[in-house]
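Engineer: Listed below, chain by chain, are the residues.
2 protein chains.
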Amino acid sequence: MYSYKQLFDFTQEVFLHMGCPAEDAELATEVLLAADLRGIDSHGVARLSGYVRLWEAGRINAKPNIRIVHETPSTATVDGDAGLGLVVAPRAMEIAKKKAEQAGTGWVSVKNSNHFGIAGYHAMMALEKDMIGIAMTNASPLVAPTFSTDRMLGTNPISVAVPANRQPPFVADLATAAAANGKLEILQRKEKKAPLGWIQTKDGQESTNPNELKDGGALLPLGSDRDHGSHKGYALAAVVDILSAVLSGANYGPWVPPFVAFLPVADNLPGEGIGHFLGALRVDAFRPADEFKQHMDNWIETFRSAHVVPGEGAVLIPGDPERLMEEIRMIQGIPLLEPVERDLETLSQRFGIKL
Amino acid sequence: MYSYKQLFDFTQEVFLHMGCPAEDAELATEVLLAADLRGIDSHGVARLSGYVRLWEAGRINAKPNIRIVHETPSTATVDGDAGLGLVVAPRAMEIAKKKAEQAGTGWVSVKNSNHFGIAGYHAMMALEKDMIGIAMTNASPLVAPTFSTDRMLGTNPISVAVPANRQPPFVADLATAAAANGKLEILQRKEKKAPLGWIQTKDGQESTNPNELKDGGALLPLGSDRDHGSHKGYALAAVVDILSAVLSGANYGPWVPPFVAFLPVADNLPGEGIGHFLGALRVDAFRPADEFKQHMDNWIETFRSAHVVPGEGAVLIPGDPERLMEEIRMIQGIPLLEPVERDLETLSQRFGIKL
Numbered sequence: 001m002y003s004y005k006q007l008f009d010f011t012q013e014v015f016l017h018m019g020c021p022a023e024d025a026e027l028a029t030e031v032l033l034a035a036d037l038r039g040i041d042s043h044g045v046a047r048l049s050g051y052v053r054l055w056e057a058g059r060i061n062a063k064p065n066i067r068i069v070h071e072t073p074s075t076a077t078v079d080g081d082a083g084l085g086l087v088v089a090p091r092a093m094e095i096a097k098k099k100a101e102q103a104g105t106g107w108v109s110v111k112n113s114n115h116f117g118i119a120g121y122h123a124m125m126a127l128e129k130d131m132i133g134i135a136m137t138n139a140s141p142l143v144a145p146t147f148s149t150d151r152m153l154g155t156n157p158i159s160v161a162v163p164a165n166r167q168p169p170f171v172a173d174l175a176t177a178a179a180a181n182g183k184l185e186i187l188q189r190k191e192k193k194a195p196l197g198w199i200q201t202k203d204g205q206e207s208t209n210p211n212e213l214k215d216g217g218a219l220l221p222l223g224s225d226r227d228h229g230s231h232k233g234y235a236l237a238a239v240v241d242i243l244s245a246v247l248s249g250a251n252y253g254p255w256v257p258p259f260v261a262f263l264p265v266a267d268n269l270p271g272e273g274i275g276h277f278l279g280a281l282r283v284d285a286f287r288p289a290d291e292f293k294q295h296m297d298n299w300i301e302t303f304r305s306a307h308v309v310p311g312e313g314a315v316l317i318p319g320d321p322e323r324l325m326e327e328i329r330m331i332q333g334i335p336l337l338e339p340v341e342r343d344l345e346t347l348s349q350r351f352g353i354k355l
Numbered sequence: 001m002y003s004y005k006q007l008f009d010f011t012q013e014v015f016l017h018m019g020c021p022a023e024d025a026e027l028a029t030e031v032l033l034a035a036d037l038r039g040i041d042s043h044g045v046a047r048l049s050g051y052v053r054l055w056e057a058g059r060i061n062a063k064p065n066i067r068i069v070h071e072t073p074s075t076a077t078v079d080g081d082a083g084l085g086l087v088v089a090p091r092a093m094e095i096a097k098k099k100a101e102q103a104g105t106g107w108v109s110v111k112n113s114n115h116f117g118i119a120g121y122h123a124m125m126a127l128e129k130d131m132i133g134i135a136m137t138n139a140s141p142l143v144a145p146t147f148s149t150d151r152m153l154g155t156n157p158i159s160v161a162v163p164a165n166r167q168p169p170f171v172a173d174l175a176t177a178a179a180a181n182g183k184l185e186i187l188q189r190k191e192k193k194a195p196l197g198w199i200q201t202k203d204g205q206e207s208t209n210p211n212e213l214k215d216g217g218a219l220l221p222l223g224s225d226r227d228h229g230s231h232k233g234y235a236l237a238a239v240v241d242i243l244s245a246v247l248s249g250a251n252y253g254p255w256v257p258p259f260v261a262f263l264p265v266a267d268n269l270p271g272e273g274i275g276h277f278l279g280a281l282r283v284d285a286f287r288p289a290d291e292f293k294q295h296m297d298n299w300i301e302t303f304r305s306a307h308v309v310p311g312e313g314a315v316l317i318p319g320d321p322e323r324l325m326e327e328i329r330m331i332q333g334i335p336l337l338e339p340v341e342r343d344l345e346t347l348s349q350r351f352g353i354k355l
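If you read the sequences in order, they're chains A and B. Sequential numbering of the first sequence, starting at 1, is according to the UniProt record's numbering. Sequential numbering of the second sequence, starting at 1, is according to the UniProt record's numbering.
Treat the hints loosely; a few may be bogus.
Identical chains blur together in the list; that is why a pair holds if it fits in one copy or across any two.
Quick list of in silico lysine-lysine cross-link-like pairs, DSSO-like style, CA-CA up to 30 Å [to be verified]:
id, residue 1, residue 2
1, K214, K183
2, K5, K63
3, K98, K293
4, K5, K129
5, K354, K202
6, K98, K190
7, K183, K193
8, K98, K129
9, K183, K129
10, K354, K5
11, K202, K190
12, K192, K202
13, K190, K214
14, K63, K354
15, K190, K5
Hints in this document: simulated from the structure, not taken from any laboratory.
Chain A with its partners taken away, still in its complex shape (with noise of 0.2 Å):
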């Protein structure tokens, strides 16, 4: 178990160490361990050394000059300039509040940049101006469109953020898949079988195997089968991509730069990095935002109280486990899967910086 002020001061000096500006890297190490914080560990520290290994592999660049190319009152598209998408995607954010002050709301495009987390803590950077916040980004291909073999789609996820008044904030954060790659990274850790409707054989015929997507498999949509909807989580899934990349000119589909830089980039690229779509509005650009956020905690509270499936425990909001996960371990600290710590001390060594 690790505090989270032992993980922050550690992670902050591996970016320091990356050569990021001082503030840059107190901003990505906010960034990278609210994701620890809040229970989704397949994108915090456990990703640190993926970061580096980009860095050393010329992907990153630690000093970027992150710039605004096209501008309307209510919307730009933004150079991350190979940045951390850790400290691009808070960078765009702050410029989507800045035009939603002036114009109700502000939709920032991002392209030439890399993975930016957790999408819920960009969406949450809206809330404290009473703002609703949006944050998507795409991802490397692992996700197969209904009745494709191909791997052509990120877990793309989307997150919205909604300010309530008593009640804690609305905060939706979803892959746009059945089941985000981290959950089969567990499975395969333990050596147990995924549910039917996660993922497909290289054939496109459904498997229980964690490991399939080594064998050519593929993620499937959120949806699953045809049935099911899969095609409803395959359109949500373009749609991330469309705003992300093809909107602000970073790469999309099949040509998303792998995260592992193990793998190699694909040649004829048509775009810059990875891509990311920020939105922010504000919220008394419709009504007041006393009103809304008054009627905000009715349907809060309405929610909680719709009746519970026998067996089950709660009717949960969006964000309540993820809330309630990061008051645990602020607590009580951050627990780190063995090949994480072990990761992270192959850092400390190289480094020479204290775990």
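Position chain B against the provided structure of chain A, taking the given hints into account.
Structural biologist: For chain B alone, kept in the frame of chain A given last:
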């Protein structure tokens, strides 16, 4: 089989009989029949008598004063004055497009409206201006949140339309439930069972009975069960509800008024009518439109060329099936089920309008 013109003339006369101004009757007819043309039969003339009954019950205002009640450069809140959603939504989309021309994007939240037909029609209105269109609406509660036995959300659809160049546009239009109610109605008529994962009993147990809703059961969110991501479908339906209704001042969650006039409207409503959320993003607010549309062609052509699972037909682009159906039905005519035919004949006799 009915020709498009035959159903168009009849439907238009019915709306005129209700007292709609000529321009509104024509618009409402075009929107309603877009569903029949595109093969979404549950949302077309099959609902005409339902609109008539709502009008007779005083719940639809044939001469609404549709107006902006709040606005900023990129947003507006519209009061639909209890008008037909078929008229209110396209008017609101025009406002979104006008805002986008000035501010880059336009976002309109609508209260005090009624059922708006297919979401895809409204999203596609953006295409002619090289804009990306977004349309969503809440609807009367049929879907249970994950772990709940209560019907708290509608099948709350999301549509996103994206222009391309030599390729036809990308048009996603999806209910956020595993299967929309219209699919259950087809199974009921054919006396067939539903796949597991579409519906649950009133106690929250799995069911294949397409009549389960009549016994207090509920539709399931996209994802079907917790293991396959039903919490994601629930979160998406919730986002649609919040943007469409909590933001605009319409009714939300369990309070959304039923489409069928024989069901009473709840007491102590928290808002007015049902709600929609419409958006328009000018492509050239992010990058030159020609450049974007060339990349959309590339996106679409790449996905069309993906390898197909043996035994399946083709990898489809969202919007393909509906566009093909529109081409076919415009030539061959629109088939109507016998109960729908009877419904229209009754209207024909009552109002003295030739079918």
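Engineer: Are the hints correct? Go through all of them and say.
Structural biologist: Okay, the hints, checked on the actual structure:
Proximity of K214 and K183 under a CA criterion of 30 Å is satisfied intra-copy only: 15 Å inside one chain copy versus 37 Å between copies. Taking CA atoms no more than 30 Å apart as the test, K5 paired with K63 passes inside one copy only; the shortest distance there is 25 Å, against 63 Å between copies. Proximity of K98 and K293 under a CA criterion of 30 Å is satisfied in both settings, with 21 Å inside one chain copy and 28 Å between copies. With identical chains, the CA atoms of K5 and K129 are at most 30 Å apart within one copy only, with a shortest distance of 27 Å there and 52 Å across copies.
In the homo-oligomer, the alpha carbons of K354 and K202 never lie at most 30 Å apart, since the shortest distance is 44 Å inside one protomer and 57 Å across protomers. When the C-alpha separation of K98 and K190 is checked against a cutoff of 30 Å, the pair qualifies neither within a copy, at 46 Å, nor between copies, at 55 Å. In this homomeric assembly, K183 and K193 come within 30 Å of each other (Cα to Cα) only inside a single copy, at 11 Å, whereas the closest approach across copies is 32 Å. Proximity of K98 to K129 under the C-alpha cut-off of 30 Å is found in both arrangements, the shortest distances being 10 Å within a copy and 27 Å between copies.
Proximity of K183 and K129 under a CA criterion of 30 Å is satisfied in neither setting, with 34 Å inside one chain copy and 42 Å between copies. In this assembly of identical chains, K354 and K5 lie within 30 Å of each other by CA distance solely inside one copy; the values are 13 Å within and 77 Å between copies. For the homomeric pair K202 and K190, the shortest alpha-carbon distance inside one copy (23 Å) is at most 30 Å, but the shortest distance between copies (36 Å) is not. In this assembly of identical chains, the alpha carbons of K192 and K202 lie at most 30 Å apart only when taken from the same copy (20 Å versus 33 Å across copies).
Taking CA atoms no more than 30 Å apart as the test, K190 paired with K214 passes inside one copy only; the shortest distance there is 17 Å, against 43 Å between copies. For a Cα distance limit of 30 Å, the shortest separation of K63 from K354 inside one copy, 24 Å, qualifies, whereas the shortest one across copies, 73 Å, does not. Taking the shortest alpha-carbon separations for K190 and K5, only the intra-copy value of 29 Å comes in at or below 30 Å, while the best inter-copy value is 62 Å.
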